Structure formats: C-alpha cells, structure tokens
Amino acid sequence: MRRADPRSIAVWTVVALVGATGWTVLALARDEEVSAAWMVAAALGSYAIAYRFYSKFIAYRVLRVDARRATPAERLDNGIDYHPTDRRVLLGHHFAAIAGAGPLVGPVLAAQMGYLPGTIWIVVGVIFAGAVQDMVVLFFSTRRDGKSLGQMARDEIGPFGGAAALLAAFAIMIILLGVLALVIVNALAESPWGTFSIAMTIPIALLMGFYLRVLRPGRVSEVSLIGIALLLIALVAGRWVAESSLADTFTLAPSTLVVWLVAYGFVASILPVWMLLAPRDYLSTFMKIGTILLLALGVLVTLPTLKMDPVTDFASRGDGPVFAGSLFPFVFITIACGALSGFHALISSGTTPKMIQKETQVRMIGYGSMLMESAVAIMALVAASIIDPGLYFAMNAPAGVVGDTVQEASKAVAGFGYSISPAELAQAAKNVEESSLLSRTGGAPTLAVGVSEIFSKVTGGSMRAFWYHFAIMFEALFILTALDAGTRVGRFMLQDMLGNVYKPFRNVSWKPGLILTSAAVTGLWGYFLWVGVHEPLGGINQLFPIFGIANQLLAAVALTVCTTLLVKSGRLKWAWITAVPLAWDATVTLTASWQKVFSGDRRVGFFTQRSIYQDAIDDGKVLPPAKSMDDMHTIVTNSTVDGVLSAVLALLIVIVIVDAARVCYRHISDPEASRLSEAPFVESRLTAPAGLFPTPEEKREALEKADSLEKAEPTR
Amino acid sequence: MTWLLRGVRWMRWYVRELTDESAYERYVAHVRKDHPAATVLSRRAFERMRTDRQESDPRQGFRCC
Chain A
198 MRRADPRSIA
208 VWTVVALVGA
218 TGWTVLALAR
228 DEEVSAAWMV
238 AAALGSYAIA
248 YRFYSKFIAY
258 RVLRVDARRA
268 TPAERLDNGI
278 DYHPTDRRVL
288 LGHHFAAIAG
298 AGPLVGPVLA
308 AQMGYLPGTI
318 WIVVGVIFAG
328 AVQDMVVLFF
338 STRRDGKSLG
348 QMARDEIGPF
358 GGAAALLAAF
368 AIMIILLGVL
378 ALVIVNALAE
388 SPWGTFSIAM
398 TIPIALLMGF
408 YLRVLRPGRV
418 SEVSLIGIAL
428 LLIALVAGRW
438 VAESSLADTF
448 TLAPSTLVVW
458 LVAYGFVASI
468 LPVWMLLAPR
478 DYLSTFMKIG
488 TILLLALGVL
498 VTLPTLKMDP
508 VTDFASRGDG
518 PVFAGSLFPF
528 VFITIACGAL
538 SGFHALISSG
548 TTPKMIQKET
558 QVRMIGYGSM
568 LMESAVAIMA
578 LVAASIIDPG
588 LYFAMNAPAG
598 VVGDTVQEAS
608 KAVAGFGYSI
618 SPAELAQAAK
628 NVEESSLLSR
638 TGGAPTLAVG
648 VSEIFSKVTG
658 GSMRAFWYHF
668 AIMFEALFIL
678 TALDAGTRVG
688 RFMLQDMLGN
698 VYKPFRNVSW
708 KPGLILTSAA
718 VTGLWGYFLW
728 VGVHEPLGGI
738 NQLFPIFGIA
748 NQLLAAVALT
758 VCTTLLVKSG
768 RLKWAWITAV
778 PLAWDATVTL
788 TASWQKVFSG
798 DRRVGFFTQR
808 SIYQDAIDDG
818 KVLPPAKSMD
828 DMHTIVTNST
838 VDGVLSAVLA
848 LLIVIVIVDA
858 ARVCYRHISD
868 PEASRLSEAP
878 FVESRLTAPA
888 GLFPTPEEKR
898 EALEKADSLE
908 KAEPTR
Chain B
25 MTWLLRGVRW
35 MRWYVRELTD
45 ESAYERYVAH
55 VRKDHPAATV
65 LSRRAFERMR
75 TDRQESDPRQ
85 GFRCC
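Same order as they appear, the protein sequences are chains A and B.
Using the numbering used here, the first residue of the first sequence is number 198, and each one after it goes up by one.
Using the numbering used here, the first residue of the second sequence is number 25, and each one after it goes up by one.
By construction, these hints were calculated from the structure, which means they are not laboratory data.
Here the structure is a predicted model, which means the values were calculated and not measured.
Errors might be hidden in some of the hints.
What the hints assert, rightly or not - Pairs of lysine to aspartate or glutamate residues, derived as EDC-like cross-links and limited to a Cα-Cα distance of at most 16 Å, are as follows:
#1 Lys-608(A) x Glu-621(A)
#2 Lys-504(A) x Asp-516(A)
#3 Lys-708(A) x Glu-79(B)
#4 Lys-253(A) x Asp-263(A)
#5 Lys-708(A) x Glu-49(B)
#6 Lys-57(B) x Asp-263(A)
#7 Lys-504(A) x Asp-585(A)
#8 Lys-504(A) x Asp-693(A)
#9 Lys-57(B) x Asp-274(A)
#10 Lys-896(A) x Glu-880(A)
#11 Lys-627(A) x Glu-440(A)
#12 Lys-504(A) x Glu-230(A)
Stated by the list, open to error - Over 12 Å on every C-beta distance to chain A, these chain B residues come out as not near it, computed from the model:
#13 Thr-26
#14 Leu-29
#15 Gly-31
#16 Trp-34
Note that the Cβ used here is the ideal one computed from N, Cα and C, for glycine as well.
From just these sequences and the hints, can you work out the full model?
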C-alpha cells in the first residue's frame with residue numbers, strides 16, 4: 198500500500214468540502230435567491246474529485262493503459278494526419294471538436310424544469326457516463342489504429358449490428374442538422390442586425406479562403422486575425438444596417454430563411470473545402486474558444502443570482518411549454534451534450550486517436566475534455582437561470598401559446614404561474630434592439646439574453662445589444678459550419694451505402710453522385726427544418742425531443758461497443774463502468790421513445806396527437822393552436838412522421854444492443870471462439886507526460902532520454 | 025521580462041500548433057528524416073493536398089454539435 202502524503206489529503210479534503218457546500222446550498226435553497234457561485238462550486242468540486250479518482254481508476258485499473266505501447270500516431274506517423282501531437286495541443290483540438298452548439302442549447306431548454314435537475318444531470322452524467330464513454334472509445338480506437346465507431350461496431354459486434362449502427366448514425370445526423378438549422382432560423386427571423394452580420398460571414402470566409410489558397414498558403418493565424426477583425430466590424434455594422442433603409446432587405450420571415458439556409462447548405466457542401474468550409478472553421482473555432490473563456494470569466498467575475506426556481510412545477514406535471522413530458526425521462530434527453538453525447542464517440546474514434554502521443558493521455562484528452570464541455574453546459578444553465586423566469590417562458594413557449602402581442606404574452610406567462618408585465622417584455626426586446634423577443638424558441642436567443650446580461654454588467658449597460666448579437670453571431674457561426682460539415686459527412690455515409698447498390702457512388706469525387714447525394718442530404722434535413730418552422734404546435738417543442746432521443750441513442754451504440762470490447766478483451770469484471778451508464782441511457786431513451794409513441798397525453802404522444810387532430814378534421818373542427826384546416830392537416834402529417842421516426846430509431850438501437858448481448862454471451866461461454874481485432878504491441882520510443890503537468894519521474898525520464906540521444910548522435 | 029517573452033513564445037507556438045499552421049514544417053521534417061530520397065512538396069502544393077484530403081474524407085476534422 199502506498200502511503201498518502203498528508204498535504205495531498207488536506208488539499209483533497211478542502212476540494213471535497215467546497216463541492217459539498219455548493220451542493221448543500223443548492224439543494225436547501227427555498228424561496229430565496231441563490232448565487233450562481235454555488236452552482237460553479239458544486240460542479241468544479243465534483244469534476245476535480247472525479248478526475249483525480251474515478252478517471253485514474255478507469256485508466257489504470259480497468260483499461261490498463263500502457264505507456265510502453267506505441268500509439269498509432271507513433272507507429273504510422275506520416276507527418277500529416279497520423280502524427281504524435283503535444284497533449285496540450287490535442288486537448289485544445291479535441292475540445293474544439295466536441296463542444297459546439299449542443300451544450301449551449303440543451304441546458305437552456307431544460308431550465309424549464311428549474312436549474313437543479315439540469316445541474317445534477319450535467320454533473321453526475323458527465324462523471325459516470327459522458328466522460329467515461331469518450332475516454333473508453335478513445336482508448337479502444339487508439340488500440341485499433343484510429344478506427345471509426347461504425348467500423349468497430351462492424352468488426353466487434355457483426356455486420357448486422359454494424360449496419361443498424363450505421364443507419365442510426367445517418368438518421369441522427371439528418372435530425373441533428375434539421376434541429377440546428379431550426380435554432381438558427383428562430384434566432385435570425387425578423388432580425389436585420391443578426392441576419393446581416395451572419396450573411397457577412399460568407400464573403401469574409403471566401404476572402405480568407407482565397408488568401409490561404411492563393412496569396413499566402415497555410416498562414417492560418419494571420420488570416421484568422423484578419424477574419425475576426427472583419428467579423429467584429431460586420432457585427433457593429435449590423436446595427437447601422439438595422440437602423441438604415443437597408444433594414445427591410447435583411448428582415449426575413451422564417452420561411453424565407455429556410456429557403457436561404459437550404460440553398461446555402463447545398464451550395465456550401467459541393468464547393469471545394471478550401472473555399473468556405475476550412476476558413477469558416479478557423480473563424481468559428483477562434484470565436485468559440487474566445488467566447489467560452491469570456492463567459493467563464495464573466496460568470497466568475499459577476500457571480501449573478503439565479504432567478505429561476507430550483508425545481509418548477511412542470512417537472513412533475515409534465516405540461517411545460519418548452520417541451521412536453523415530465524422530468525424523467527425528458528430532462529435526460531434534452532440535455533445530451535454536456536452530460537452524455539453520442540456524437541463525441543465519432544470524434545473520439547476518428548481524428549484524435551491518430552494524434553495521441555501516449556495511451557496514458559486518454560485520461561486527460563478523453564475524460565478531461567468532456568469535463569470541460571460539461572462546464573460549458575453549466576455556464577449555459579447559469580445564463581438561462583439568471584434571466585427573469587417570466588421572460589424565459591415568454592421567449593421559449595411556442596408562438597401558438599404565447600400569442601403575437603406583449604399583452605397576450607404577459608397573460609400566457611401568468612397562466613404558467615409566472616409574472617411579467619407587457620411593458621417589461623417590450624423593454625427586454627428594446628434593450629437588445631430586437632423588434633420582439635416573444636417565442637424566440639431554440640435556446641440561442643435565451644442564451645444570448647443571459648450572456649448579454651452577464652457581459653453588460655462588466656462593460657456597462659449600453660453594450661447590452663452588442664453582446665446579445667455577439668452571442669447570436671457566435672452560435673450561428675458554428676451552426677452554419679456544422680450544417681456544411683454535417684451535410685458532407687451525411688453525404689459520405691450515403692455514398693458509402695449507395696455504393697453497395699451502384700458502384701460509381703463509392704467514388705466520392707464522381708460529380709453526378711456527389712451532387713445527387715448532397716441534394717438528398719440537404720433535402721432531408723431541409724424537410725425537417727421546413728416542418729419545424731411551419732409546425733403549429735411549435736417546431737422546437739415537437740422536434741427537440743426526437744433530436745435528444747437520437748443523440749442519446751447514438752450514445753447507447755457507443756456504450757454498447759465499449760461494453761462489448763471490455764468483455765471481449767478480458768475485462769468482464771470491470772464491464773460495469775460502461776454497462777451501468779448504458780443501462781441508464783437505454784432506460785431513459787427507450788422510455789422517452791415509448792412515451793413519444795404510445796403516451797395517451799396528446800402533448801407527449803405523437804400518435805394520440807395525430808388521432809385527436811384527425812378526429813377533429815373528420816368533424817370539420819379546428820383545434821387551437823391550429824388556426825386553419827391547413828394547420829390541422831400539417832399537424833396530422835408531422836405527428837405521423839415524428840411518431841414513426843421515434844419508433845424506428847428505438848428499434849434500431851434495440852437491434853444493436855441485442856446483437857451485442859449475443860456477442861458478449863458467446864464470448865463468456867466460449868472465449869476461444871471470439872476474435873479481437875487489436876493492433877499488435879509495438880514498443881514505444883517516445884517519452885511524454887500523461888497529465889497536464891509532468892510528474893517528477895516523468896521529468897527525470899525526459900532528461901535521461903535527451904542524454905541518451907545526445908550520446909547516440911554527438912553531431913546534433 | 026524573460027518570463028513575459030517566454031509566455032508570448034509559448035502562446036505563438038500553441039496557436040500555430042492548434043491551427044495546424046505548423047503542419048508544413050512538420051511534414052518537411054518528416055520527409056527529410058524518413059524518406060531522404062523523396063522530393064519535398066512546396067508549401068502551396070502541400071496545403072492543397074491537405075484540403076483535398078479533407079475533401080475526399082469529410083470525417084477528417086469533423087466537428088460535433
């Protein structure tokens with residue numbers, strides 16, 4: 198037994214006390230306003246302890262990471278996509294790749310249940326499920342030369358489960374893109390300032406692309422600086438445009454924006470990468486990291502008070518206006534990114550394993566990055582909880598419920614059990630220079646109001662509108678990049694699938710196939726976007742649960758692959774570290790799908806909804822919030838599509854889990870018969886620290902290595 | 025002053041690595057060391073090759089929601 202050093206015991210006791218105090222204050226708060234500082238303390242204290250103890254246990258006891266084993270980056274080094282990358286750089290890379298709009302949107306919507314359920318799920322979920330998934334996938338993919346999740350599912354579970362996993366991933370990609378695009382439309386509709394600034398990012402990106410391709414190839418930092426400067430100018434110019442005669446040109450109705458976005462998605466995805474995608478990606482990465490750092494700083498400096506209730510009545514009644522359904526299971530699917538996100542498995546199994554220097558670093562890169570993303574989700578929750586609850590509900594309830602005027606909205610909010618006067622609603626919109634904030638669903642505008650509240654406390658009240666549009670721009674920027682990149686990935690999957698039927702499709706540069714598949718993918722997500730914008734019941738209200746289910750189902754696939762691999766690689770004893778989160782995730786998601794398909798509550802169950810509206814159509818009646826017979830037919834069609842989709846997704850995942858259970862059972866009863874496709878052991882010649890700061894032993898090792906190199910090559 | 029200089033240098037190194045601006049130097053070093061007989065691409069040709077690779081497999085450098 199190693200004896201613990203007394204100083205370390207003291208430090209960790211203090212950390213534990215800080216975290217515990219945070220949780221106690223949050224849990225015991227009744228009817229008084231609590232400072233966001235306690236939420237931050239609870240989260241950071243828990244992360245520190247989880248990282249120090251649980252992630253270490255997983256890395257060294259369960260995965261048995263081996264510093265002597267060469268990683269794919271070292272063995273297959275080609276100087277381009279496989280190359281050993283400094284751990285601190287890779288941490289930045291991986292974090293920028295996993296954190297996007299997801300952790301900012303989900304927690305804002307989940308705030309309708311109060312801040313406490315969201316906080317608990319974000320912190321507990323990341324520690325026991327999300328970060329574990331990312332780290333374990335990263336480890337196994339590293340042991341397999343950076344194979345993708347789909348390939349691992351095919352190799353380790355079998356062709357049937359593998360195909361189901363691939364189909365699920367494709368469906369999830371489409372829904373994700375549709376919902377993200379919907380968030381953008383809701384943020385930019387009728388907002389000339391926002392629309393102008395976002396539109397300007399296209400010429401800015403084109404200019405940057407030209408610069409990098411023709412003028413000075415590869416000079417990313419300088420072109421990014423130019424780009425960011427232009428972006429800020431576009432942001433300031435947006436205000437002038439909104440006040441000028443050009444305002445009408447940039448004031449677009451939601452359905453017009455849909456056409457523009459779909460056209461943009463299609464054109465952007467068939468243009469060469471260097472022209473739009475690559476430069477946009479630099480811009481959005483810099484903006485993302487910069488804004489997240491600013492937000493963290495802002496929260497810590499201002500330490501705002503939480504105005505939302507810890508737990509609202511919607512949590513148990515299940516009749517919340519933002520999304521229907523009760524706390525279990527719907528909080529756990531609404532917050533995906535930040536707690537547990539299946540999408541991360543696609544990053545942890547693609548790019549990152551090809552760059553990691555040492556197996557021992559999976560803890561810092563996989564577990565560590567995910568804790569950072571979780572912290573971002575906590576900040577989003579803080580931003581949503583510090584604004585007046587009345588304003589929150591007026592912004593996030595569907596248009597059919599809130600009405601068109603501030604008077605109607607004020608009444609609707611009173612109906613939810615909160616209060617805000619018409620004058621206050623009008624003032625809130627005026628503060629951020631928008632014509633109206635009513636029913637700005639999707640999370641982005643709410644987050645922007647919260648962010649502007651925090652930032653303007655630091656910079657003075659006059660900057661409030663600027664910060665609001667800054668936050669909108671920052672989210673819109675990376676959602677647009679995601680639309681472009683996601684369409685390409687979806688197209689790639691479709692080309693691969695169609696390639697099995699008609700060979701030329703497999704050649705990714707075959708132009709007709711490329712245009713056809715791009716059009717198909719944009720058409721598919723464009724359909725969901727169109728539906729979402731024209732949905733009388735509220736697009737976010739109807740579609741976000743399907744998005745959540747889809748994302749959590751992908752997590753179920755990833756956790757299934759992890760559990761199968763743990764069992765097959767002789768770690769049966771420890772398989773619970775992914776099997777328990779899998780069981781939880783499967784329970785939550787399948788319950789949610791079940792309720793979405795079979796629930797008798799018309800706000801929750803798609804088919805009940807369908808039959809109620811269908812019966813009304815047969816009787817010739819129009820049920821609110823529908824305003825016409827056309828609306829009624831729209832609701833019936835959409836509910837059918839949404840219901841079928843929820844059922845199909847759930848079915849696909851059940852197939853994957855059952856197929857994997859079969860493989861695990863076969864392995865346990867006859868270990869000799871199963872085959873593990875791990876890359877063979879090669880001795881590593883690199884030395885690199887495992888954590889952020891090198892330990893004394895690691896420093897000594899590095900020095901010895903340098904000495905021996907000097908002796909071997911005296912000329913250097 | 026020296027610590028300030030070191031900090032600035034470190035930031036420059038970090039940004040260049042994070043944005044992959046240093047990819048070309050890494051590639052040249054790699055070719056010179058492991059394939060001394062091979063010709064080294066010009067920076068322009070190298071950067072073109074890199075974006076073309078991303079074109080053919082969009083999963084490279086994909087970002088999440």
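Now for the hints, and whether the structure bears them out:
1. Lys-608(A) x Glu-621(A): holds, 13 Å
2. Lys-504(A) x Asp-516(A): violated, 21 Å
3. Lys-708(A) x Glu-79(B): holds, 13 Å
4. Lys-253(A) x Asp-263(A): holds, 13 Å
5. Lys-708(A) x Glu-49(B): Not satisfied, since the Cα-Cα distance of roughly 34 Å exceeds 16 Å.
6. Lys-57(B) x Asp-263(A): Answer violated: Lys-57(B) to Asp-263(A) is near 27 Å, above 16 Å.
7. Lys-504(A) x Asp-585(A): Measuring from Cα to Cα gives roughly 6 Å; hence the hint holds.
8. Lys-504(A) x Asp-693(A): The given pair, whose Cα atoms are some 50 Å apart, is violated under the 16 Å limit.
9. Lys-57(B) x Asp-274(A): holds, 12 Å
10. Lys-896(A) x Glu-880(A): violated, 20 Å
11. Lys-627(A) x Glu-440(A): With Cα atoms ~13 Å apart, Lys-627(A) and Glu-440(A) stay inside 16 Å; holds.
12. Lys-504(A) x Glu-230(A): Holds - the C-alpha atoms of Glu-230(A) and Lys-504(A) are around 6 Å apart, at most 16 Å.
13. Thr-26: Answer for Thr-26(B): holds, closest chain A Cβ roughly 21 Å.
14. Leu-29: holds, 18 Å
15. Gly-31: Answer for Gly-31(B): holds, closest chain A Cβ roughly 14 Å.
16. Trp-34: Incorrect as stated: the minimum Cβ-Cβ distance to chain A is 10 Å, not above 12 Å.
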